[in-house]
Amino acid sequence: MQIKLTVNGKEYSHDVEPRLSLTHYLREVLDLTGTHIGCDTSSCGACTVLLDGRAVKSCTLLAVQADGCEIITIEGMANGSELHPIQAAFKEEHGLQCGFCTPGMVMTAADILKNNPTPTEAEIRHGLEGNYCRCTGYHNIVKSVQRAAETLNQ
Amino acid sequence: MIPTKFDYKKASSISEAVALLKEHGYDAKILAGGHSLIPAMKLRLNSPGVLIDISGIEGMNKIEEDGDAVIVGANCTHQQIASSGLIQKEVNILSQTASTIGDVQVRNCGTIGGSLAHSDPAADYPATVLACDAQIVVEGGGGSRVIAASDFFQGIYTTALEDDEIIVAVKFPKVRKGSYQKFYQSASRFAVVGVAAVQAPDGGIRVGVTGVADTPYRATAVEAAYDGSSSAASHAVDGVEVMSDHFADAEYRAHLAKVMARRALEAL
Chain A
12 MQIKLTVNGK EYSHDVEPRL SLTHYLREVL DLTGTHIGCD TSSCGACTVL
62 LDGRAVKSCT LLAVQADGCE IITIEGMANG SELHPIQAAF KEEHGLQCGF
112 CTPGMVMTAA DILKNNPTPT EAEIRHGLEG NYCRCTGYHN IVKSVQRAAE
162 TLNQ
Chain B
5 MIPTKFDYKK ASSISEAVAL LKEHGYDAKI LAGGHSLIPA MKLRLNSPGV
55 LIDISGIEGM NKIEEDGDAV IVGANCTHQQ IASSGLIQKE VNILSQTAST
105 IGDVQVRNCG TIGGSLAHSD PAADYPATVL ACDAQIVVEG GGGSRVIAAS
155 DFFQGIYTTA LEDDEIIVAV KFPKVRKGSY QKFYQSASRF AVVGVAAVQA
205 PDGGIRVGVT GVADTPYRAT AVEAAYDGSS SAASHAVDGV EVMSDHFADA
255 EYRAHLAKVM ARRALEAL
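These protein sequences, in sequence, are chains A and B. Residue numbers for the first sequence follow this note's numbering, beginning at 12 and rising by one. Residue numbers for the second sequence follow this note's numbering, beginning at 5 and rising by one.
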């Protein structure tokens, strides 16, 4: 089936099999491998991207469902060599260890902060419920989102 | 994990979706948010030959006031329901229930119609739909009809929907006061036990319970024993065959049901 969508500001059109997941489309067709595959069953959040501005788990969406939509992946966050404030905050606050969960964490943080620019620590933890960090670095991840909120509110 | 091959049809109207369901029969499944169906297909627990995507049908994702009721379109996401000012004001327990489902990403995709049609025994909405005495509006080959919440849930993954019927909306009577109390499954965030209690217009209460039996139910024994205090919560599993699984055996689950019922009654 022919789909047309915008990813990180660029328009794409491809003929895809209906069973192709959005994650596989991003990783294997567009070569955007920053979106990770963790559990592959919508639990871990490593595959999180923004679809029309909302955080979604791309492993549980078909590429055909994203037809006509606008997608932002982790590759679309930085402005050239300048990190997005959320990415910069993760770097400053040591919000990553192995880094596997980080793209998903950053994309979910973008959704949290868009809807609630001044979240409490509890609201950040609640917001990140769908993202697992197996290094269990949650404490610094929460601090990173807090710092990102401060930067974005300046 | 990759599902088996299927055809994908995007319906542009309810009548087109119903016609496609009629045409493909058992081989077809309705795709709404897909957050139960797609994982099941990836795990090859379900292998439909045709997916009928109803997510683009105009008008199915509206939340509207209708006299003493609020009509929630079947394609409304959990996030939409959790954050709707109208629902927060008129059926607050529904928005409270939606906000406990899954996580941010799941709430951004999953829909109320999809969840009800799927009828997972650990889903959250059934408790609240029962307690609110909501009506499920469906459309099928035989036209449209309204199913009372108490008639809708018939067993594990089993509902009163006919093979060619689609949920188009859920009509919730306005609720003055209500509370949904849930014991989370710690990984999936499904309800191990969920209890919804609302004040009924006749001065009594209505109580819906999910996660406890293979079918969500009205805890009529709690409703009958209610005296304004929370003591009636001890009747939460009267006459019910309580489920047992690796998260919670029957005895523990029965205990949780009484605790969640007590908390729900205390919040009224």
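These aren't lab readings, by the way, just hints derived from the structure by calculation. Keep in mind it's a predicted model, so treat the numbers as computed, not measured. Yeah, the Cβ is synthetic: ideal placement off N, Cα and C, and Gly gets one too. One thing to keep in mind: the hints can contain errors.
Claimed, not checked - Distance condition first, Cα-Cα at most 16 Å in a straight line; then the derived EDC-like pairs of lysine to aspartate or glutamate:
no., chain 1, residue 1, chain 2, residue 2
1, B, 93, B, 72
2, B, 46, A, 28
3, B, 46, A, 78
4, B, 14, A, 86
5, B, 178, B, 137
6, A, 21, A, 93
Said to hold, decoys possible - Interface residues of chain A toward chain B, partial, derived using beta-carbon atoms under 10 Å:
no., residue
7, 29
8, 44
9, 75
10, 78
11, 88
12, 91
13, 108
14, 141
15, 145
16, 158
Hints, verified against the model:
| no. | hint | result |
| --- | --- | --- |
| 1 | B/93 x B/72 | 13 Å, holds |
| 2 | B/46 x A/28 | 15 Å, holds |
| 3 | B/46 x A/78 | 20 Å, violated |
| 4 | B/14 x A/86 | 30 Å, violated |
| 5 | B/178 x B/137 | 10 Å, holds |
| 6 | A/21 x A/93 | 19 Å, violated |
| 7 | 29 | 4 Å, holds |
| 8 | 44 | 18 Å, violated |
| 9 | 75 | 5 Å, holds |
| 10 | 78 | 8 Å, holds |
| 11 | 88 | 17 Å, violated |
| 12 | 91 | 28 Å, violated |
| 13 | 108 | 21 Å, violated |
| 14 | 141 | 3 Å, holds |
| 15 | 145 | 13 Å, violated |
| 16 | 158 | 20 Å, violated |
Hint check: violations occur at hints 3, 4, 6, 8, 11, 12, 13, 15 and 16; the rest are consistent with the structure.
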